[in-house]
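Using the sequences plus the hints, can you model the full thing?
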Amino acid sequence: MLKRTAPDTHITIRGLTKSFAGHPLYTNFDLDIPKGQITSIFGPNGCGKSTMINMVAGLLPMDAGEALFDGKTLAQTVIGYVFQNYRDALFPWKRAIDNIKYPLRIAGKSKGECDARTEELVQSFDIRFDLNRYPYELSGGQQQLVSIMRSLAVHPEVLFLDEPFSALDYEMTLFMRDKLQDIFEATKTTMILVSHDLDEAVYLADQVLMLTRRPTRIAQVVRFDAARPRHPETLTSDAFNRAKAQCLEVFQREVRTKDIAT
Amino acid sequence: MKDILSGRFANALTPAVGAVAFIFLWWLAAWLKVVDPVLLPSPQASAKAIWDGFVGGNLIKDLIITVRRTLLAFGIAVVICVPLGLMLGSSVRLYRSFEFVIDFFRSTPASALFPLFLVILGVGESTKVAVAAFGAGLLILFNTAYGVMNARKTRQAAARVMGASPLRVMTGVTLLESLPQTFVGMRSGVSFALVIVIVAEMFIGSTDGLGQRVINAQMIFNMPEMYATIFGAGVLGYGLNLIFILIERRFIHWGGK
Ligand SMILES: Nc1ncnc2c1ncn2[C@@H]1O[C@H](COP(=O)(O)OP(=O)(O)OP(=O)(O)O)[C@@H](O)[C@H]1O
Ligand SMILES: [Mg+2]
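Line by line, the protein sequences are chains S and F.
Be aware that the first sequence starts at 0, since it is given in numbering that gives the first Met the number 0, and climbs by one per residue.
Be aware that the second sequence starts at 0, since it is given in numbering that gives the first Met the number 0, and climbs by one per residue.
Honestly, I wouldn't trust all of these hints.
A few chain F residues facing chain S, derived, Cβ under 7 Å [what the hints assert, rightly or not]:
hint, residue
1, Arg151
2, Thr153
3, Ala156
4, Ala157
5, Val160
6, Met161
7, Leu175
8, Pro179
9, Trp253
If you're looking for bench data, these hints aren't it; they were derived computationally from the structure.
C-beta atoms are modelled at their ideal positions from N, C-alpha and C, and glycine is treated no differently.
Laid out in structure tokens, this is it:
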């Protein structure tokens, strides 16, 4: 039973099935992710948000099913991935600048091209700290900026972000959200953002994918169409509050009630 | 005065306290003739033997020979066992299937293997080097494999997601990720190789090297010479360890960060 694909779809996930130690996590899971939009994924702890994006990004094998990008396989697609734990994701033996160049080197770019692209990134990110330092010499926010720059170096068609800001302090988080939004507006890269913070999930998203407890299904997809760029004032707008209230209602229904029942 | 004693000056001297105390006790024991002076010469007599050995005699020559054997054994062990350890460590299943064999040989005293290697390789240079390389190699193999297995997987995942081939992930990420543990293996490996080389020089028909020198000095009751050679072996062991620590600090600048 093949589901039809919506017209502006970028990623089609069909029949995704995965279980751990005999306990099903996803069974025949279908999902369309729109092109050139930010899709936030929100759901209770352990419902399989990381597992899903890791499977789609090819970091984890699926038991069954497939994910196609504009009809192409993963191998034919350029993707970027930003890990939650920047400390474990950057290469500490390489200077920040060489971390950023790494995916370009892998893609076989010449030294000149690598330098030009990093310079471009430095300009667009308005980087003020010294990229010739090693990652462990940078602050957490600076390290995560470097990881984001690294993930963008190759102009990915899709960018995956797994709780990218959850290890940063509040001020840095606000700054990084807006930075991410700037990048999105400049590039219109399809982004998939896992977030634990409902405000953040809604604030950045064109749509919020609400997941249930495992075995995981889509509880609802909540649209948020506020104009971009969004500002801190967006957080107090009616549209924002309506979208957030709707998410909360879904969350209460799908998570809390079951929680009490079990 | 108090400032000087508790300040930088005192800090610089602290590590020397133990050595000075040791030499003083030695001198005291020799002076009081606690032990037969033939068996325990004074520090001065030993120092003179060390000096003569290093400057005029062939202590330095034997030392170089021992270093050469040790480094040769170590080099062979590294070249074979680091890649092997990387391979074993990157597949848990592969490691589990060889774990018993590795653990068994690692627990077998390498010196017990001398007769076996003598039969295969004869009483030459190769037996000494081979047994040392074998023992050191197992230490390196097992530490490298552990380094790979216990490395956090995020960086390898990051490299994979950026399109790095398995070989590139292995050489560009896994190898470096496991390097701190590999260094632990190499450091214990080189010390172990030295132990085996010296034992081999003592007992399997050797005409040179520190081990042969110690045992010869002992047989002709040349105690200062014996102590001088023991001291030379100590300096060598300590020096090798120190060199490794320095290389490690320089090379693995990110260690523990
Ligand atoms: N390697 C594994 N072996 C066994 N179970 C696993 C494994 N990886 C994940 N799981 C289980 O699968 C479920 C989903 O895990 P996942 O990390 O995807 O959740 P998540 O939604 O990202 O959670 P969080 O919000 O805590 O990040 C969890 O219940 C987890 O215990
Ligand atoms: Mg997660």
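Hints, verified against the model:
no., hint, in the structure
1, Arg151, "holds, 5 Å"
2, Thr153, "holds, 4 Å"
3, Ala156, "holds, 5 Å"
4, Ala157, "holds, 5 Å"
5, Val160, "holds, 4 Å"
6, Met161, "holds, 4 Å"
7, Leu175, "holds, 5 Å"
8, Pro179, "violated, 11 Å"
9, Trp253, "holds, 4 Å"
Consistency with the previously given hints fails for number 8 only.
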